[in-house]
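Engineer: The listed protein sequences correspond, in order, to chains U and E. Each residue of the first sequence is one higher than the one before, starting from 773 at the first, in the numbering used here. Each residue of the second sequence is one higher than the one before, starting from 773 at the first, in the numbering used here.
Because the hints were derived from the structure by calculation, they are not lab data. One or more of the hints may lead you astray.
Same chains, same label: a pair holds when it works inside one copy or across any pair of copies.
Claimed, not checked - Subject to a maximum C-alpha distance of 30 Å in a straight line, what follows is the list of computed BS3-like cross-link-like pairs (lysine-lysine):
| no. | residue 1 | residue 2 |
| --- | --- | --- |
| 1 | LYS1031 | LYS887 |
| 2 | LYS1073 | LYS1031 |
| 3 | LYS1018 | LYS1075 |
| 4 | LYS849 | LYS1079 |
| 5 | LYS1101 | LYS1075 |
| 6 | LYS1099 | LYS1079 |
| 7 | LYS1098 | LYS1073 |
| 8 | LYS849 | LYS1101 |
| 9 | LYS1091 | LYS836 |
There are 2 protein chains.
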Amino acid sequence: MGKQNKSALNEQEGVSQNEITNTSSIEFIKQKRKTQPSSDDLVAHILQGDITALSRAITLVESKNPSHLEKANTIIKACLPHANNSIRIGITGVPGVGKSTFIETFGTHLTSLGKKVAVLAVDPSSSITKGSILGDKTRMEDLVKNDRAYIRPSASGNSLGGVARKTRETIMLCEAAGFDTIIIETVGVGQSETAVHSMVDFFLLLKLAGAGDGLQGIKRGIMEMADAIAINKADGDNIKKAKLAKVEFGSALHLYPEKSSSWQPKVSICSALHNEGIAEIWELIESYQKLTKANAYFEHKRKEQNKFWLMQTIEDRLKSDFFTNKKIKEALQYQLQLIERNETTPFAAADYLLGL
Amino acid sequence: MGKQNKSALNEQEGVSQNEITNTSSIEFIKQKRKTQPSSDDLVAHILQGDITALSRAITLVESKNPSHLEKANTIIKACLPHANNSIRIGITGVPGVGKSTFIETFGTHLTSLGKKVAVLAVDPSSSITKGSILGDKTRMEDLVKNDRAYIRPSASGNSLGGVARKTRETIMLCEAAGFDTIIIETVGVGQSETAVHSMVDFFLLLKLAGAGDGLQGIKRGIMEMADAIAINKADGDNIKKAKLAKVEFGSALHLYPEKSSSWQPKVSICSALHNEGIAEIWELIESYQKLTKANAYFEHKRKEQNKFWLMQTIEDRLKSDFFTNKKIKEALQYQLQLIERNETTPFAAADYLLGL
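Chain U extracted, bound-state conformation (with noise of 0.2 Å):
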């Protein structure tokens, strides 16, 4: 038991170690210990719901060396036909919310339906605070040792674009190996949500009752996008604020227009401490998946995030070419300082900077 996610763990500190501590395939393993693994050997190991190999893929598309990338490349090209099959629940809440407790007690539930579930994070802050994820990962202890789970550290990257197209790349391969469900957690920095936001099928957000500060609380753009907001650590003294909290929520919820999944946005209260309530959040994005794949949001919504971010990547790619451009940089800092002073108009600054 726990082999397969003692593999992913361990993969953090080095393929070798990876490899010397995943038993579970030792074939594979005793093959490849001199050699790199091929990328058609890691895909049909990968495709069998091999973990060791789907940790390896992982790596290959956040490194840096171009290699990889063209490896990782090649491998997520022959997992393709194979993703897709699952649900993406998008997770968001404030430090001190109770996001790990709820991931834990969530996907323990949803393997215990007999559900794959894997857990991928979207936390542009952790090559900053080098791994808030790694933190939580050792509270979520019951989920780490599940066979059923699979729980991956955040890919670090400097920009958040990078980060989402690792973690748009990790979602497909995890398809891949056989799991059906994906959560992936932001911690809400910056523009995360939204990078999240278009990579999910399903958007939750966690609040907390009697916070203090209510729908004051949260950040701009948020409320909108959630399909459902569940109201934690609803127990104890809490309980009577949560219920009152969620006429709050509700009520802020139906100001908004209509979304064009016909879909209602809920509230829903919980405690994953104790196990309350997580039955029926899942029951209610089940019934979230039914009428959008009956209404064939589902998949429409799916197509325009590809092609979404189809256009976001060349927008990135165009900006990071110009703007990492050594001439255009040091153009750029004066023509801010024209900008400063007056002395010129943004329009005329970009034409000069566009014309060097």
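Chain E: place on chain U using the hints.
Structural biologist: Chain E in isolation, oriented as in the chain U frame:
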């Protein structure tokens, strides 16, 4: 009286007509009837508040002729040191809310206080509907005839980015010509509110009481942008409904986090038709101006807006240069088909297209 604006009106029908009907700058025209005035001439006259010269410069800004644009840039550069001394007010609201009547009454009130008022419009749809603002203008009967007001129909263009650029440059020209209050109207098509929001100091949302839809009818994100909501047509049987709506919108506005201006958005009721509550809205804008000038947010916001427009212009141009490339256009269609059939990832498709 009204010569200046008559000139502005006729300007649409061509420069020659404009020149003939405008008598306030007879000397200027006599000299220039046969030849195009030089940039220096135009600048000198703009700085004297000459409306004919202003209109001609705006026509250059709006031109698609590269030599006109070059001349426009020279003029704008020379006008820059004289621009910026104004309050820029964005006004939005759905058709039927009474924007024209509001601007007519509001603008007339401002001129009675000694202000010089320019009314511009961002209306990307006008290139399709052939000028809805033109229709509005005939409804602003008093303002059109008002010597202290200048109404300029919406710049046309295929892209919001293009229209926004022209409007931004027109603002500067109007300011250089001595207009101290710039009203920018938008009909709320597509992303035009966002564009207008990013070029004004104060954003006013016009609403109707008892239009039946309440908060539901407000487009996503608009509420968050508003520095004030004015509930128009609060007259006769409508007054009670307007007062109720004021309470409703007031509590909705409180749901949002505090703005970095530290301004708390306000709700006002008015009847533009009966000139009731109009002075109060101007007082409200004045108190916003006082607050944000005292805490330096006003100046800060303008500089941030300029930097935003620099980046936005560069991004727009990078994208349009890329996507209008014929080879890219064709290849993109094919890659989108592959995505639709789930035969490639957005990232692989982007790599391919960027490598062409």
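Engineer: When the hints from earlier in the document are held up against this structure, which numbers fail?
Structural biologist: 3
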